[in-house]
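Colleague: Sequence:
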Amino acid sequence: MAAGGAVAAAPECRLLPYALHKWSSFSSTYLPENILVDKPNDQSSRWSSESNYPPQYLILKLERPAIVQNITFGKYEKTHVCNLKKFKVFGGMNEENMTELLSSGLKNDYNKETFTLKHKIDEQMFPCRFIKIVPLLSWGPSFNFSIWYVELSGIDDPDIVQPCLNWYSK
Numbered sequence: 001m002a003a004g005g006a007v008a009a010a011p012e013c014r015l016l017p018y019a020l021h022k023w024s025s026f027s028s029t030y031l032p033e034n035i036l037v038d039k040p041n042d043q044s045s046r047w048s049s050e051s052n053y054p055p056q057y058l059i060l061k062l063e064r065p066a067i068v069q070n071i072t073f074g075k076y077e078k079t080h081v082c083n084l085k086k087f088k089v090f091g092g093m094n095e096e097n098m099t100e101l102l103s104s105g106l107k108n109d110y111n112k113e114t115f116t117l118k119h120k121i122d123e124q125m126f127p128c129r130f131i132k133i134v135p136l137l138s139w140g141p142s143f144n145f146s147i148w149y150v151e152l153s154g155i156d157d158p159d160i161v162q163p164c165l166n167w168y169s170k
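Numbering (full-length UniProt numbering), first residue to last: 1 to 170.
Hints were generated in silico from the structure; no laboratory data involved. Here a beta-carbon is modelled for each residue, glycine too, at the ideal position from N, C-alpha and C. Keep in mind that a hint or two might mislead.
[Said to hold, decoys possible] No more than 27 Å apart at the CA atoms, straight line, and that leaves these computed lysine-lysine pairs for BS3-like:
id	residue 1	residue 2
1	K61	K170
2	K120	K78
3	K118	K61
4	K22	K61
5	K22	K120
6	K107	K118
7	K88	K61
8	K61	K39
9	K120	K88
10	K86	K112
11	K85	K61
12	K22	K39
13	K86	K61
14	K88	K22
15	K107	K88
16	K86	K120
17	K120	K85
18	K112	K170
19	K112	K88
[Claimed, not checked] Computed beta-carbon distance windows for the label pairs:
id	residue 1	residue 2	range
20	N41	N166	40 to 50 Å
21	K170	E33	19 to 29 Å
22	D122	N41	41 to 51 Å
23	Q43	S104	34 to 44 Å
24	T114	D157	41 to 51 Å
25	D157	Q43	34 to 44 Å
Starting from the given sequences, assemble the full structure and let the hints guide the process.
Modeller: Here's what the structure looks like:
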């Protein structure tokens, strides 16, 4: 309990701003930046890889270090052969040393899907500055990968993140 008998509030989970940092490839006008905007009725509003030959990936750079708790994928308004049937998500403070945060897949439908990411090591929250999304398999055999929209949420309050950074840096 906090002073005066009040219960300490849990840290607020909020949307985490990010920019596109690196990518493996892109096809035609299906630029990586398209994942920043949620337009489920616009078939061109997506990133599409140039091939399905591995490794294909997007690396997102958070505005500042954060405890990234969730990732949400938006989709096209209809099923699509390029939707991710299997993918992995990695995270870390630098792009050369990342931890696997999730291995999963999307349903081939039009509903947004939110996944909880690994964000603790031995019960201690750890910060990320970079998130890497690695598509592994699309719903259509031999099709390129498409990601329509990505939202990250978690904690970026420096009062909470800084002690985690100090612990993580040891």
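Colleague: Does each hint fit the structure? Answer for all of them.
Modeller: Comparing the hints with the structure gives:
Simply put, K61 and K170 have alpha-carbon atoms about 22 Å apart, close enough for the 27 Å limit, and the pair holds. Our distance criterion of 27 Å between C-alpha atoms is broken by K120 and K78, whose separation comes to about 35 Å. Note on K118 and K61: the hinted pairing holds, with a Cα-Cα distance of about 18 Å set against a maximum of 27 Å. Between the alpha carbons of K22 and K61 the distance comes to roughly 9 Å, so the proposed pair stays at or under 27 Å and holds.
Taking the CA atoms of K22 and K120, the gap is about 25 Å. The hint holds against a cut of 27 Å. With a C-alpha separation of about 21 Å, the suggested pair K107 and K118 falls inside the 27 Å cut-off, and the hint holds. Our distance criterion of 27 Å between C-alpha atoms is met by K88 and K61, whose separation comes to about 17 Å. Distance hint between K61 and K39 is fulfilled; the C-alpha atoms sit about 22 Å from each other, no more than 27 Å.
For the hint linking K120 to K88, the alpha-carbon distance of about 17 Å falls within 27 Å, and the restraint holds. With a C-alpha separation of about 16 Å, the suggested pairing of K86 with K112 holds against the 27 Å cut-off. Restraint check for K85 and K61: the C-alpha separation of about 24 Å stays at or below 27 Å, so the hint holds. Straight-line distance between C-alpha atoms of K22 and K39 comes to about 22 Å, which keeps the hinted pair within the 27 Å bound.
Pair hint K86 plus K61 holds up; C-alpha atoms about 22 Å apart against a cutoff of 27 Å. Under the criterion of a C-alpha separation no larger than 27 Å, the hint pairing K88 with K22 is consistent with the structure, at around 16 Å. Straight-line distance between C-alpha atoms of K107 and K88 comes to about 15 Å, which keeps the hinted pair within the 27 Å bound. The suggested pairing of K86 with K120 holds, with an alpha-carbon distance near 23 Å, which does not exceed 27 Å.
The suggested pairing of K120 with K85 holds, with an alpha-carbon distance near 26 Å, which does not exceed 27 Å. Restraint check for K112 and K170: the C-alpha separation of about 37 Å exceeds 27 Å, so the hint is violated. Distance check on the hinted pair: K112 and K88 sit about 17 Å apart at the alpha-carbon level, within 27 Å; holds. Range check, N41 to N166: about 45 Å between beta-carbon atoms, so the 40 to 50 Å window is met.
A hinted range of 19 to 29 Å is violated for the C-beta pair K170 and E33, which are about 36 Å apart. Judged by the Cβ atoms, the range 41 to 51 Å given for D122 and N41 holds: they are separated by roughly 44 Å. For Q43 and S104, the hinted distance range of 34 to 44 Å is not satisfied, since their beta carbons lie about 24 Å from each other. At roughly 21 Å, the beta carbons of T114 and D157 sit outside the given window of 41 to 51 Å.
Distance hint check for D157 and Q43: the Cβ-Cβ separation is about 38 Å, which falls inside the suggested range of 34 to 44 Å.
Figure legend: structure checked against the earlier numbered hints; hints not met, in rising order: 2, 18, 21, 23 and 24.
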